[in-house]
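Q: Residue strings, one per chain:
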Amino acid sequence: AQKVTQAQTEISVVEKEDVTLDCVYETRDTTYYLFWYKQPPSGELVFLIRRNSFDEQNEISGRYSWNFQKSTSSFNFTITASQVVDSAVYFCALSGNTGKLIFGQGTTLQVKP
Amino acid sequence: NAGVTQTPKFQVLKTGQSMTLQCAQDMNHEYMSWYRQDPGMGLRLIHYSVGAGITDQGEVPNGYNVSRSTTEDFPLRLLSAAPSQTSVYFCASSSALRGEDYGYTFGSGTRLTVV
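Protein chains in written order, with this note's numbering: chain B, 32 to 144; chain R, 190 to 304.
Hints listed in this document are in silico derivations from the structure and should not be mistaken for laboratory results.
Take these hints with a grain of salt, some might be off.
Derived DMTMM-like pairs: lysine to aspartate or glutamate, alpha-carbon spacing no greater than 25 Å straight-line [what the hints assert, rightly or not]:
{"#": "1", "chain 1": "B", "residue 1": "Lys34", "chain 2": "R", "residue 2": "Asp215"}
{"#": "2", "chain 1": "B", "residue 1": "Lys34", "chain 2": "R", "residue 2": "Glu261"}
{"#": "3", "chain 1": "B", "residue 1": "Lys34", "chain 2": "R", "residue 2": "Asp245"}
If you want a taste of the chain R side facing chain B, the calculated C-beta under 8 Å gives, among others [stated by the list, open to error]:
{"#": "4", "residue": "Gly231"}
{"#": "5", "residue": "Leu234"}
{"#": "6", "residue": "Val239"}
{"#": "7", "residue": "Tyr253"}
Source: prediction; values computed, not measured.
Where a beta carbon is used, it is the ideal one built from N, C-alpha and C, also for glycine.
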């Protein structure tokens, strides 16, 4: 069975602080994909990144970076120099051989000015 | 190219009423799925389909029916609505099974309230 755990329910930071959102996953599939989505207050789901299980390179996109470690089954997301516009719910998700996309519970990030 | 279209955006039902949430995609995606989102629970998979004529249960299928008669459409039916089905529903589609540009496209959501 697949499972995604986001242990941090809510995080509050002050603008310009760095913040890391944790994601731990479980799967028996050898090929799988990991995702991060952002859900702003408007409610839509915004795709941030996709990683396949064979690519453990860390990725940086502007202020966003992702650390994928198969040894610890983790796919953590760091926002550097956070901004108020980063306030949202962030979801980590996992898909495997069947195509089913399973989500974690989500982490609500509040960035205060 | 409209992507994934969900209708309606908002709906209020009385307990016991039935209704169908519509989901349509124009990307020729084989994979389609329905989720419900409740506070603190993330998005939970209700039902999914890997192609026309094929459906399967997700994590929380009870109280919901689906069918997939065409590649484009994947309606979600509530036969007898209950207050516990008050939620925001998302439909998603993907070309994942073809190994192309592996990603999921989500609809804008349907906010359902059952009173």
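Q: Tell me the hint numbers this structure goes against, listed in increasing order.
A: 1, 2, 7
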